[in-house]
Amino acid sequence: MKKSLLQPVVVGAGPAGVRAAQTLVAYGVRPVVVDEAPRAGGQIYRRPPSNFKRPAQTLYGFEAARALAVHSTFDTLTNQIDYRPDSLVWNAQSGLLDVLHGPTQTTQRLPYQQLIVATGATDRVLPIPGWTLPGVYTLGGAQVALKFQGCAIGRQVVFMGTGPLLYLVAYQYAKAGVNVAAVLDTARLSDQLSAMPALLTQPAVLFKGMYYVAWLRAQGVVLHSGVRPLHVLGQTRVQAVVWHDGEKELTLACDAIGFGYALRSETQLADLLGCQFAFDPLQRSHLPERDGAGRASVAGVYLAGDGAGIMGADAAEWAGELAALALLTDNGVAVDSARARVLEQKLRQLRRFRTGLERAFPFPQNWAAQAPDDLVVCRCENITAGELRRTAQTSGADELNRLKALTRVGMGRCQGRICGVAAAEILAQATGQSVEQVGRLRGQAPIKPIPIHLVHASAPGVNA
Amino acid sequence: MTVKPIQTDVAIMGGGIVGSSAALALRRMGMQVVLLERDLCGSRSSGVNYGGVRRQGRPLSQLPLAQRAHRIWAELPRLIGTDGEYQRSGHFKIARSDADLAALEQYRTQSQDFDLGLEILSGSRLHTHCPWLGGKAVGGSLCAEDGQANPRLVSPAFALAAQRAGAQIFERSPVDEVTHDGQLFTLRSGAALQVQAPMLINCAGAWAGDLAAQFGEAVPLCARHPAMAVTEPLPFFMVWSLGVEGGGIYCRQVARGNLVLGGGSGVALDADRARSGRDAIAALSVQAVELLPALRHAHFIRTWSGTEGYLPDRQPVLGLSQTTPGLIHGFGFSGAGFQIGPAVGEVLAELARDGRSSTPIEAFSIERFLPAHAGPA
Numbered sequence: 001m002k003k004s005l006l007q008p009v010v011v012g013a014g015p016a017g018v019r020a021a022q023t024l025v026a027y028g029v030r031p032v033v034v035d036e037a038p039r040a041g042g043q044i045y046r047r048p049p050s051n052f053k054r055p056a057q058t059l060y061g062f063e064a065a066r067a068l069a070v071h072s073t074f075d076t077l078t079n080q081i082d083y084r085p086d087s088l089v090w091n092a093q094s095g096l097l098d099v100l101h102g103p104t105q106t107t108q109r110l111p112y113q114q115l116i117v118a119t120g121a122t123d124r125v126l127p128i129p130g131w132t133l134p135g136v137y138t139l140g141g142a143q144v145a146l147k148f149q150g151c152a153i154g155r156q157v158v159f160m161g162t163g164p165l166l167y168l169v170a171y172q173y174a175k176a177g178v179n180v181a182a183v184l185d186t187a188r189l190s191d192q193l194s195a196m197p198a199l200l201t202q203p204a205v206l207f208k209g210m211y212y213v214a215w216l217r218a219q220g221v222v223l224h225s226g227v228r229p230l231h232v233l234g235q236t237r238v239q240a241v242v243w244h245d246g247e248k249e250l251t252l253a254c255d256a257i258g259f260g261y262a263l264r265s266e267t268q269l270a271d272l273l274g275c276q277f278a279f280d281p282l283q284r285s286h287l288p289e290r291d292g293a294g295r296a297s298v299a300g301v302y303l304a305g306d307g308a309g310i311m312g313a314d315a316a317e318w319a320g321e322l323a324a325l326a327l328l329t330d331n332g333v334a335v336d337s338a339r340a341r342v343l344e345q346k347l348r349q350l351r352r353f354r355t356g357l358e359r360a361f362p363f364p365q366n367w368a369a370q371a372p373d374d375l376v377v378c379r380c381e382n383i384t385a386g387e388l389r390r391t392a393q394t395s396g397a398d399e400l401n402r403l404k405a406l407t408r409v410g411m412g413r414c415q416g417r418i419c420g421v422a423a424a425e426i427l428a429q430a431t432g433q434s435v436e437q438v439g440r441l442r443g444q445a446p447i448k449p450i451p452i453h454l455v456h457a458s459a460p461g462v463n464a
Numbered sequence: 001m002t003v004k005p006i007q008t009d010v011a012i013m014g015g016g017i018v019g020s021s022a023a024l025a026l027r028r029m030g031m032q033v034v035l036l037e038r039d040l041c042g043s044r045s046s047g048v049n050y051g052g053v054r055r056q057g058r059p060l061s062q063l064p065l066a067q068r069a070h071r072i073w074a075e076l077p078r079l080i081g082t083d084g085e086y087q088r089s090g091h092f093k094i095a096r097s098d099a100d101l102a103a104l105e106q107y108r109t110q111s112q113d114f115d116l117g118l119e120i121l122s123g124s125r126l127h128t129h130c131p132w133l134g135g136k137a138v139g140g141s142l143c144a145e146d147g148q149a150n151p152r153l154v155s156p157a158f159a160l161a162a163q164r165a166g167a168q169i170f171e172r173s174p175v176d177e178v179t180h181d182g183q184l185f186t187l188r189s190g191a192a193l194q195v196q197a198p199m200l201i202n203c204a205g206a207w208a209g210d211l212a213a214q215f216g217e218a219v220p221l222c223a224r225h226p227a228m229a230v231t232e233p234l235p236f237f238m239v240w241s242l243g244v245e246g247g248g249i250y251c252r253q254v255a256r257g258n259l260v261l262g263g264g265s266g267v268a269l270d271a272d273r274a275r276s277g278r279d280a281i282a283a284l285s286v287q288a289v290e291l292l293p294a295l296r297h298a299h300f301i302r303t304w305s306g307t308e309g310y311l312p313d314r315q316p317v318l319g320l321s322q323t324t325p326g327l328i329h330g331f332g333f334s335g336a337g338f339q340i341g342p343a344v345g346e347v348l349a350e351l352a353r354d355g356r357s358s359t360p361i362e363a364f365s366i367e368r369f370l371p372a373h374a375g376p377a
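Going down the list, the protein sequences come from chains G and E.
Going by full-length UniProt numbering, the first residue of the first sequence is number 1, and it counts up by one from there.
Going by full-length UniProt numbering, the first residue of the second sequence is number 1, and it counts up by one from there.
Bound-form chain E, shown alone (with noise of 0.2 Å):
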């Protein structure tokens, strides 16, 4: 059976936030646009996450990209029809020792250019203003303007939107096959349908990795799988997302109630699927009730797990190939790349657009992952 392919200004591979975002930015310039998405839009890693929607402590490279997408999520409502269950409720990263609190201050003086408003709590101020953190906290640095929202939401409507804006979105549509003449990639998916495009915008996530590689620019990108646990709706204790300055449990209170935590890594059941490990969900929940003694006696109703993409250095890659004209990268956030999201969409259009970002993404080159003099494989 001989298909005819749908010709289009950018192909895009992979309907999570960052496609759907894309995807959205390039019909609002005009440009003519196709989606593949292997399962549904953002029912992997960016419709699973845990929803922090949080700048403190990224690395300063990515502040720039987090600049924006604060920008961006200002007007979520506008621009994909949803608040998403978005609030800037304000980030708190707990120190649990003055090391760490020392390291809370450094960062706060790191980033100062980039105004992200941090204010440091420790002493008797901390537990008057948290009178229900358990004793370890020694400290912290809020972040008022930071927040959180509703994954399960946000990413859907950022395709919904981008499909109303004119995008056309293929989902259950895994990509099979990816040629290039030179002039135009053809994606094949199944037997009936194939999309032609003179770009095409690699945003496939933890799956990124092939695609990638079959252009000669190989990764070393490997699955990993957060461990997330909700409980109860409790009565409402708590406005602030919580963080740990060295990692190991976030946490949250949603407006129904139910406390969102995630912290440590999930099992693999096969490829394409995940899950909280009892391991994982045993030490988190050993965590939660350190940080939160208000926990001891809620009961988890559900765990899950998603599946993410990470690179070694935890930055994701994004930007132009470096062998292939026409082939732009944007995957790899490494489990933080659900607040970056809508600015990376917009970067990724920018880049289809005009080959260039208005935002520094260097540090995100992929570059840094080639050998010095790599050509095509």
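Next comes chain G alone, as it looks inside the complex (with noise of 0.2 Å):
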């Protein structure tokens, strides 16, 4: 590295993570790699304590070998890097980020000159009258109960919602032995027919999705398309889920609810570090922009992965070795830039595939129109649907920032990340405006709740 005395700093250690890691120390650069997990892998490759024993097949099914790749590409790093596990990244200035370790509950500044932001993705969350009853889930944390702690959110499952991770949690639920009810999803047969061309661009992929699909229908999972998640029952926790397919309301018992629509990325860090912001319709949401090359609009901050806008795992790894190769080229080292040619050209081809599975699997569109006064949409602040939709009314309440300071909605502790994107799909029904009209919740450190002791000790003069 020419131009820097710093090392450059990776936030997040899945697949973009670890191949921006590897593409710096092949040339020679020793990066600091931050991550909030105990272990690399990311969500999708989410390794579990090193003492479970069940194996990768198991555990990752067609993806054993990737997530094998992955973590042991990032074991065979750790001597060439300055690994951070269990570090949540909560604040952010420029040149400056502020990291919390977990175990030993310290807070430390890590300063940086490049950063390569490779923060992943959670569940987008549409909720429905019953949502925090306890035993429902989202489909990411149904399989983070799986991979990392080894148990089922229940005995008798339904999983609800669209995207591929609706069968794929599905599947893998199913060869753990575990019996899923039902698998409901709001997208219809004739979605997925539309979808066909732009998804047989990638079809190996296409194969696994078909996979699960006819393994879960011989296993005898009765499978739904096309339904309206109506509300779930239970007085303690969840008895059952209520849906309408079309034609009339169904009615199933499960003891636990697995769902979701498709991923949100998440965009916090890059908010808090002053990257630009637009609007992408695909993903129906405000993403940090970035170059063909992962280069945020920020000097010396680059972005890779699902943080910056759903792509996959594949599609992660390549942006994680992207970004490093275009960081590595901004210092003024030589990098292999056909390299970097070819994996600017397989990004680009995947974009027509991801537009392929959003046809797949359409975000539901009439999801607030139907969404009932009654529904919480904000369970830190209980804040309900009616009120977000009276107070913008009565208000004149047009954006989303304005509508969290009269309501509260966001105000609690996960700051809109569960419940911003309910939020803006209600104030845009209520207020006839598109989502991206509404905007977007500003990002505000910290990225998730710090306590105070903790701020305390890493004040100028008690303890750097």
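Bear in mind the hints are in silico, worked out from the structure with no lab data behind them.
Heads up, some of the hints might be wrong.
What the hints assert, rightly or not - Covered stretches of chain E (chain G as the covering partner; in silico rule of three or more C-beta atoms under 8 Å from a C-beta of chain G): (1) 39 to 48; (2) 151 to 161; (3) 261 to 275; (4) 294 to 300.
What the hints assert, rightly or not - For each label pair, taking beta carbons as the anchor points, the in silico distance ranges come out as: (5) G:251 / E:83: 37 to 45 Å; (6) G:281 / E:60: 57 to 65 Å; (7) E:123 / G:104: 37 to 45 Å.
Cβ atoms here follow ideal geometry from the backbone N, Cα and C, with glycine treated the same way.
Please dock the two separately framed chains into a single complex, following the hints provided.
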């Protein structure tokens, strides 16, 4: 590195972060890798604790080889990087990250000049009445339970929502011996058929998806498409789920539900770093802008993986490598530019496939119109859809941050990470605007709640 | 494109609590008013401040205004249709040394004419009344009738009330140009909006300096950014809003249970946006734990800041322009405008209607910053 005196920092050790770190190491650079999880792998390739014995084939299915490749790549790097697991980046200022180390409960400042942000994604949540009952999980949460804790969310589980993860998680649960009572997809078969041409651009991925569906059917799992989830029944925990199939209401007993509507990017860090955002109609959200190689609008900041836009695990690996190459190039290192062009081309090609996925599993456009007034949208502050609608109508609030100020939606512990998507949909519907027009919640530190005494311990002059 | 200007009695620049209160007061006097706000009403310092509604500790020159505001706050639901979570929960100013306590006693004596009802607590009474206070406090001064409110709700509610009363309010309408032909001010915002009025109220907060300078009244106004933070909801333990003699930190617990804390300065991201800096938050956390040991294991869930206009003597500019007939200033509240905002609005309306205020405001004249024989630029 010619220009820089500091080590580059990679935030996140999922597929994007691991490939970014590997690439930097290959060019003789020793990066700092900061990861919130105790072990590298990210969400999709989340590793169980080291004393767990379930084999990779069982945990990851078709993805086992890729998962193992990412894990073993990372394992070979550990001596060549400055690895900080269990470490949450909770605040960022120009040139400086604040990092909370969970096990020791200490917070440290980490200076940087170049930063690769690979913060990944979480479930996109569209609530229905009863979603706050114990036993209701997100699809990602259900997957974490299985992979990292070695347990299922229930004995008789319904998976609901839409997106590729819906069938993958159902498959993983059924494989693990859990009774999957049903898979309820809000997408219609016709959506999937019309998406076929675009999906065929990645035949291997398409085949995996079709295999999960066929396998689930062969195991006798009931698959419904074109459903409209209505509510979750239960007094103290989940007892059943009720949905509409287009003609009639149906009820199915279950003791747990995993639900989600594809993913949303974790963009708070990019926001705190001052990155420009733009609306992406395909993903129905405001995302940090980047060039083809992953350069953000802020010099020295690079974006890779699902944290900058949902492209999936394979794309995350390519984007991580590409962002590292861009970082090196920008610092005067001669890199393999042919490789960079190949990666850019692969990512471009994947966009067509992503368009197909959005068509196959479309966002339920009418969710907000059908959300009843008493539906709790923000569970931290117990704010209902009706309150949001009334406030929008009586106050003239037509922008998400104003709605937050007036109602407290997104003001609790999650700071809108869970409820933000649904609140934006409700506001757009109530005011007759697009979700693009209602804007996005501004990011504010801390990214996740942080104990006061830890900020205290890192105060200047107390204990740097 | 030629636009037909909107004709009105009074134009207002700035939709914070001051401008919105002025618009409401003018409508209640029956005058026509148009307000232009660059963003959303109450979205800048008026809507993101700490929410202290306090008279205690203000310079004596501000107490007539503060008393007038105190009466308006009591009527808030009737006036603007919401209580804005306003509570007369008490404001307690803490002394951390005997010298600080003496200063609080001296303030009580000096402010006696204003009937603030200040009560000094120290020694065993202090710890009986507030067992949650950390060991650094030696005493304090309680103003039982001061309190707190939610600025997120109050400031936009003033603007909505003004609108309901017939004020024309244009949000997201930054003023690009102001001209004055000796009789009428003309304000232009973009290509589509022009407003003409014989009177113009300048209450654009931290952005008010340019307009004052345009009319030959340059003032040393600068922007500062309060560092603010809020904890997760905690079991309710403290009714008072707390301040500290000599400054440093302020803190209150809202009905929901969250503690709102402020102190020190944030950092500007650009001309319009600011954030609580990490050093300020760290310093705040040190003082918060000293003051309230119960906070030690609480979590901060959010920090924020805003942009406030400060003048060197920490007093506002409030009154008629010295150079330009029809121009009226009300800005530079130096981080302490929320409580007096509604009274300032009424004073500005009186100045527009009568040319004078029924509340003494001489101390806030812009004259104090002008060279002895200044004329129009």
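Structure-based check of all given hints:
1. 39 to 48: holds (count 3)
2. 151 to 161: holds (count 4)
3. 261 to 275: holds (count 3)
4. 294 to 300: holds (count 6)
5. G:251 / E:83: 37 to 45 Å: Roughly 44 Å apart at Cβ, these two residues keep to the hinted range, so it holds.
6. G:281 / E:60: 57 to 65 Å: Since residue 281 of chain G and residue 60 of chain E have Cβ atoms about 59 Å apart, the given range 57 to 65 Å holds.
7. E:123 / G:104: 37 to 45 Å: Check passed, 41 Å falls within 37 to 45 Å.
Hint compliance for this structure: every hint is met.
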